[in-house]
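Number of protein chains: 2
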Amino acid sequence: MTGKLTTAEVQARLANLNQQAGGAWRVEDDKLVREFRFKGFAEAFGFMAEVALHAEKADHHPEWQNVYNRVAVQLVTHDAGGITEKDFALAMRMESAAAHRSK
Amino acid sequence: MTGKLTTAEVQARLANLNQQAGGAWRVEDDKLVREFRFKGFAEAFGFMAEVALHAEKADHHPEWQNVYNRVAVQLVTHDAGGITEKDFALAMRMESAAAHRSK
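Protein chains in written order, with this note's numbering: chain A, 1 to 103; chain B, 1001 to 1103.
Chain A with its partners taken away, still in its complex shape (with noise of 0.2 Å):
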């Protein structure tokens, strides 16, 4: 199991993920939380499946929030009491499945 971060690793992971991501990322209640805008409906819920399919084959899944073009997201790992590597590696693959699609 991947092991709850410390806040200094968390810090360090945080910048490195908001220089991709434009400073969007924050932390909120020891969860990583985003807000994502896009298009219309259909560009944000194929956001939501793409990512879907990642979070069920990882097994790690997020919480998530959306009202038509907007996808708010919190992502913990229960397990680990707090912020872990696969909610950063599960934050990478939103910003991936995000910046395809029209906003």
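What the hints contain is simulated information worked out from the structure, not anything from laboratory work.
Some hints here could point you the wrong way.
Straight-line C-alpha distance at most 20 Å; calculated EDC-like pairs for lysine to aspartate or glutamate [what the hints assert, rightly or not]: (1) A:Lys39 - B:Asp1059; (2) B:Lys1086 - B:Asp1029; (3) B:Lys1039 - A:Glu63; (4) A:Lys103 - B:Glu1056; (5) A:Lys31 - A:Glu85; (6) A:Lys103 - B:Asp1059; (7) B:Lys1103 - A:Glu56; (8) A:Lys86 - A:Glu28; (9) B:Lys1039 - A:Glu85; (10) A:Lys39 - B:Asp1029.
To give an idea of the interface, some chain B residues facing chain A are shown, with a C-beta separation under 7 Å as derived from the structure [as the list claims (entries may be wrong)]: (11) Ala1042; (12) Ala1052; (13) Glu1063; (14) Asn1066.
This one's a predicted model, so the numbers in the text were calculated from it and none came from an experiment.
Virtual Cβ for every residue (Gly too), placed ideally from N, Cα, C.
Fit chain B to the given chain A structure using the hints.
Just chain B now, with coordinates in the frame of chain A:
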């Protein structure tokens, strides 16, 4: 455009809906809400994918949250400022999509 239903109209339709849904739907903050639970993430996301296709076709989309096997939904017609027939139609679609998936 479908008009906002009166409180009495909403209650009548809610009673009808709940006959099929075992009382699972309620009105909260002027929205029609329910939480669905499935066997796992694949079943939950399969439900969301089926509903998403209907929603896009009808151009009427849910607000929803997914955490692993749970999907919480809130239905409201923002243009009409409340609950309309469109919301009850979407709720019925959700019942149908949930019915044939493993709980």
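Here is how each hint holds up against the structure:
1. This hinted pair checks out: Lys39 (chain A) and Asp1059 (chain B) have alpha carbons roughly 14 Å apart, not beyond 20 Å.
2. Annotation: proposed proximity of Lys1086 (chain B) to Asp1029 (chain B) holds, straight-line Cα distance about 17 Å (limit 20 Å).
3. For a cut-off of 20 Å, the pair hint linking Lys1039 (chain B) to Glu63 (chain A) stands: about 17 Å separates their Cα positions.
4. Distance restraint check for Lys103 (chain A) and Glu1056 (chain B): the Cα-Cα separation of roughly 17 Å lies within the 20 Å cut-off, and the hinted pair is therefore satisfied.
5. For the hint linking Lys31 (chain A) to Glu85 (chain A), the alpha-carbon distance of about 12 Å falls within 20 Å, and the restraint holds.
6. The straight-line distance between the Cα atoms of Lys103 (chain A) and Asp1059 (chain B) is roughly 19 Å, inside the 20 Å bound, and the hint therefore holds.
7. This hinted pair checks out: Lys1103 (chain B) and Glu56 (chain A) have alpha carbons roughly 17 Å apart, not beyond 20 Å.
8. Using a Cα cut-off of 20 Å, the hinted pair Lys86 (chain A) and Glu28 (chain A) holds, with the two alpha carbons roughly 17 Å apart.
9. Between Lys1039 (chain B) and Glu85 (chain A) the alpha-carbon distance is near 27 Å, which puts this suggested pair outside the 20 Å criterion.
10. For the proposed pair Lys39 (chain A) and Asp1029 (chain B), the alpha carbon gap of about 28 Å is over 20 Å, so the pair is violated.
11. Against a cut-off of 7 Å between C-beta atoms, the interface hint on Ala1042 (chain B) holds, since the closest Cβ of chain A lies about 6 Å away.
12. Taking 7 Å as the C-beta cut-off, the interface hint given for Ala1052 (chain B) holds, the closest approach to chain A being about 5 Å.
13. Look at Glu1063 (chain B): its Cβ gets to within about 5 Å of chain A, closer than 7 Å, so that hint holds up.
14. Taking 7 Å as the C-beta cut-off, the interface hint given for Asn1066 (chain B) holds, the closest approach to chain A being about 6 Å.
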